[in-house]
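*Asks:* Let the sequences and hints guide you as you build the complete structure.
Protein chains in written order, with our numbering: chain E, 1 to 667; chain G, 668 to 1334.
Rather than coming from a laboratory, the hints here were simulated on the basis of the structure.
Take the hints with a grain of salt, since some may be wrong.
[As the list claims (entries may be wrong)] Cβ-Cβ distance ranges computed for the label pairs, FRET-style:
id: 1; chain 1: E; residue 1: 43; chain 2: G; residue 2: 978; range: 54 to 60 Å
id: 2; chain 1: G; residue 1: 915; chain 2: E; residue 2: 139; range: 25 to 31 Å
id: 3; chain 1: E; residue 1: 616; chain 2: G; residue 2: 978; range: 35 to 41 Å
[Said to hold, decoys possible] A few chain G residues that face chain E, going by a derived Cβ cut-off under 7 Å, partial list only:
id: 4; residue: 1078
id: 5; residue: 1081
id: 6; residue: 1221
id: 7; residue: 1297
id: 8; residue: 1299
[To be verified] Straight-line C-alpha distance at most 25 Å; calculated PhoX-like pairs for lysine-lysine:
id: 9; chain 1: E; residue 1: 316; chain 2: G; residue 2: 1077
id: 10; chain 1: E; residue 1: 410; chain 2: G; residue 2: 983
id: 11; chain 1: E; residue 1: 410; chain 2: G; residue 2: 1077
id: 12; chain 1: G; residue 1: 687; chain 2: G; residue 2: 885
id: 13; chain 1: E; residue 1: 167; chain 2: E; residue 2: 195
This one's a predicted model, so the numbers in the text were calculated from it and none came from an experiment.
From the three backbone atoms N, C-alpha and C, an ideal C-beta is built for every residue, glycine too.
There are 2 protein chains.
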Amino acid sequence: MNNQMNEQLQEGIMLTDRSKPLTLDKVRISDPFWSDYIRLVREVVVPYQWEALNDRVPEAEPSHAIQNFKIAAGEAEGAFHGMVFQDSDVTKWLEAVSYLLETEPDPALQQVADSVVELIAKAQQPDGYVNTYFTVKEPENRWTNLAECHELYCAGHLIEAAVAYNKATGNETILQVACRFADYIDRVFGREPGKLNGYDGHQEIELALVKLYHATGKDHYLALSRYFIEQRGAKPSFYEQEWEKRGRTVHFPQLDIAHDLPYSQAHLPVQEQEQAVGHAVRVVYMCTAMADLAAETGDEALLQACKKLWDNIVAKRMYITGGIGSMAEGEAFTADYDLPNDTAYAETCASIGLIFFAHRMLQIEPDSRYADVMERALYNTVVSGMARDGKTFFYVNPLEVNPSQLAGNKNTHHVCGQRQGWFGCACCPPNIARLLASLGQYVYTVQKSAIYVHLYVGGAATLEIADTEVQLEQKSAYTWDGEVSFTISTARPIAFALKLRVPDWCGEASWVVNGGEPQQIKGNEIANGYAQINRVWQSGDTVELVFTMPIHRMKSHPLVRENAGKVALQRGPFVYCLEETDNGEQLYQLALPAESELSAVFDPVLLGGLQTITANGQRQVSDGWQGQLYRHNADWQTEAAELRFIPYFAWANRGAGEMTVWVREST
Amino acid sequence: MNNQMNEQLQEGIMLTDRSKPLTLDKVRISDPFWSDYIRLVREVVVPYQWEALNDRVPEAEPSHAIQNFKIAAGEAEGAFHGMVFQDSDVTKWLEAVSYLLETEPDPALQQVADSVVELIAKAQQPDGYVNTYFTVKEPENRWTNLAECHELYCAGHLIEAAVAYNKATGNETILQVACRFADYIDRVFGREPGKLNGYDGHQEIELALVKLYHATGKDHYLALSRYFIEQRGAKPSFYEQEWEKRGRTVHFPQLDIAHDLPYSQAHLPVQEQEQAVGHAVRVVYMCTAMADLAAETGDEALLQACKKLWDNIVAKRMYITGGIGSMAEGEAFTADYDLPNDTAYAETCASIGLIFFAHRMLQIEPDSRYADVMERALYNTVVSGMARDGKTFFYVNPLEVNPSQLAGNKNTHHVCGQRQGWFGCACCPPNIARLLASLGQYVYTVQKSAIYVHLYVGGAATLEIADTEVQLEQKSAYTWDGEVSFTISTARPIAFALKLRVPDWCGEASWVVNGGEPQQIKGNEIANGYAQINRVWQSGDTVELVFTMPIHRMKSHPLVRENAGKVALQRGPFVYCLEETDNGEQLYQLALPAESELSAVFDPVLLGGLQTITANGQRQVSDGWQGQLYRHNADWQTEAAELRFIPYFAWANRGAGEMTVWVREST
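*Replies:* Given below as structure tokens:
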């Protein structure tokens, strides 16, 4: 272990003490907000995606993903169709199914999934290789274009699915497929002579190999993950070398991936990367693996690199919705504080990856700054990514939408004003499914004799403190009211610290332990953002929490050019927006006076029940311009306008129209 | 002539009465603002461009344009290099030279130009064809890709140059080359069986053929121009047909020109086009020709089509600087009121084309709404297009520049924070040169017994009213002070109306006729934006004009989303901007209070002397954010800031930095 120790370590939490992820059979969700989304994943999303993967959704572009596996397995004839990473749609689906099965048995679903496992196993080549694109279409070109062709990325998703499915069902076949594939990759890649010293264009296998290491206990998977992370950014550039070697051919001519090294975070060794650059999903998948490796190996320098990138993302490159990636071209980060609202990319998958990263950091170092961001991304961008009916999805999550601009200006060609069905490049829907299906993993961590509550998602958890089982029942009216209660059950009295996150948005936090009068939570009871109760707990002990939910006028750092003079509303975990359907056209003509009172009004009918916010606002009036575009004798004319904000996640569920998160503040 | 007559016609101005363009030997410029720019064109731009065309500018990418002609002429060996429209760089240069020679003889320059004429003549093929790309590189593919390959566009520039050079020098060779080429084109194109019923992707030949008609009096050139305009937009699409015919090959795969018909304004017959769409330069070149043809043929419906497009451009799709084209992709118009400042394209050539269009409309219908826009484009975007030393140029003219965004966000990849030398695609520098060298053409028109003064550019003009010569000496301190005087000389007393444009920006206008007290110009002395003095003029008569120049806080139409809550300053013809060098970084943190006094301060040293505007402003302060990106307890903190605005045209002459035209107005 590195001699250099950070503050956290000096406080006694060793990197190698990090908490292990909880299994989903131990954390059951029963929550007024989330249960319905998880039900949608089970009842709508996963079955719909299965149909889509089998090309049985008439209105969607055929996926061909299952058919590709059938062809590779010798069960069908024909050509490969789809993206080079089409396989990952199947394995991400299988991973989501695994979490559903881990939570609750479903023999019919398991039967379908077993058949997919058999198909994947059959598509595996004698040497262990699995990839239908290269098996069917370019068998001679394996590993010749790591920069662009996602072979190791697909391998990573296969491994993640395998670990999850094995854990959920005990299925050994899929774990064997994954191990054989990983062992083969281990023979192909490395610094030893005769091996390829490359690494994937799209990070994913790194975090997957850590999961495989956890599942099997085999060190060489951890070492291989570490190799991929440490080799990244080595000079001379592997991508440029392989490009020369294969005769300078490219798969994605519009992107120049072989030479645009920052796009794939291959411009520098990971420990020297101080800014989040390039493709946003790749950055956060990479950081997730870096955090994993830092924890597993005690590599303090790697942990510091994670923190640098974390800080850069959340302090300079993240939308208020938890979206990341400001630019469509390259689906990428751009520059510090460059957060345009209308041309935003903010891919759903990138926010999911940010949650993975936050989750790993929380396992190492429970600090609410990670959990606050996790919550922000989850309650805003991720849940916005799926319609209330579970059938349509956002890939791109802008903070401002103007339909007339979408029609005419190609700088916004990537933005959809409405959620879409299964896409040609369908990465987001299965990613949402696997995240929501495994949401229980993100609620708690246990570290030594402390239970950390990161998310206030209702349900029942079975946790282990010093070999003793503790049942924690969480009842949550958190999303709209900030109220949560816990009931503890334990076979015998047990001492532990219950550490309860105090959200960054809360006004006053108070608690009641075992009944009585609410007590305001004092500063000395909060450490690293968690209020702690240290006691010997007995069965039947209760803790009731109330976080007051003032409506906040959020402002951006003054270096965020696009939001100068503007505010966004937030109440509880939810960022709000204005929609045309409630507020009329030309939302940019609206202003919210600084002194306007903001009222939270629960609308039980609206999209299943939403807290709305109303306020007296002003609307600029367009009268009297008589065909002039510029005038020098024009006053701003305004009229009173009642503004109605709804949570951002709920936008675009009532037809097409304008939307904006940031609104001008008038004085 | 069409039976349907518009208001203007009913007032007695027949379309066919339109004023003829003035020749440059009749309008000599001597102006404190413009003379220096024209001198730069003569002494710096044209010689520099000659060097560039001959690949003798070490720091510039080789143009190869003259070398291409030498190869086509059989004087050199080698391959074609450059864009498919590389030839036009040579002919636009020759056109600019023609205007310089027409203004003032220069035997050395004429000798160089004569050699170019000889070279072009030698490159002409036996059938009359001139185009070095197709002659050298794809001789078998003439006229197979009109949508993309600019053959007729290059022909148009050759014809324009030929007419100008013949007029300036009497050179017959170049006119013969142009006529032989045009005659050949006339044999190739048309609706008759066996002819190609196509038209150019980039309009230009249409307006050039009208000039050739004027120069030669040959009707078939006018008819050919009319054919090209009238055939445009015919169904089925010629571009799609030729694409099929040539085996679906394309030259510019990133644009899909064969199918994106609005890009080339080929989506509808021109008379049905109600919005300016697609490539902005093409639109205004097309409109220029449409106005020419309406005037020449008396086609009232065509004139109405011009007016519709004019109104759409200036009332809904033009930047306050006279820039047009909101989007880099396709160098194109986008949607009504979509005028982003930072991603603006606003190509210099498009504003030049807008001036051409305005000029033609003024010849038909002298109305100051055309001249006001002509002035706006000229004094802002066009003159901004060239550095104060005449050596560097802007192709793209944004209204807001943030260097950190330019570095990181590819939505602004087309924007340069500094003017550039000769470009790979070098259309703008020679276009600026030919406009400034012929500026005299734009100052006056004569219509029946009226002299219209559209621009207040000092100099001496010799005009003809009813076969009598009238000399008009204009002395102008217009740009900074709004003061102009005229002295009339004439061999005998002559009655005419002197019609003086009252600029849209002027506060009070007053005049003095033959000395005495200034009289405010009354409303009944102004018609269609021109104050008129109807009298019998005698030699020595004088008119002195004073237009007061209040500093205007300009506002955009409330439908311009990007400028909501913002103002721009204008004084006289100049739009102003803030630059980082005067105002520090983060210009978007500055606000101009509504009540701030605005002071015009002449700085005699700054870039050769500029009126600046100063005001008390506010700067948002960034202190106290401690690494947070969003805060809910943050007040806007401001400090006093002295704002200093300079004319937009003068930006980026003092190093790189931020710039903005629109600034938030605080109350």
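*Asks:* Now look at each hint and say whether the structure bears it out.
*Replies:* Hint check:
no.: 1; hint: E:43 <-> G:978: 54 to 60 Å; verdict: holds (55 Å)
no.: 2; hint: G:915 <-> E:139: 25 to 31 Å; verdict: holds (30 Å)
no.: 3; hint: E:616 <-> G:978: 35 to 41 Å; verdict: holds (38 Å)
no.: 4; hint: 1078; verdict: holds (5 Å)
no.: 5; hint: 1081; verdict: violated (11 Å)
no.: 6; hint: 1221; verdict: holds (5 Å)
no.: 7; hint: 1297; verdict: holds (5 Å)
no.: 8; hint: 1299; verdict: holds (3 Å)
no.: 9; hint: E:316 <-> G:1077; verdict: holds (18 Å)
no.: 10; hint: E:410 <-> G:983; verdict: holds (18 Å)
no.: 11; hint: E:410 <-> G:1077; verdict: holds (13 Å)
no.: 12; hint: G:687 <-> G:885; verdict: holds (17 Å)
no.: 13; hint: E:167 <-> E:195; verdict: violated (32 Å)
Checked against the numbered hints given earlier, this structure breaks hints 5, 13; the rest are met.
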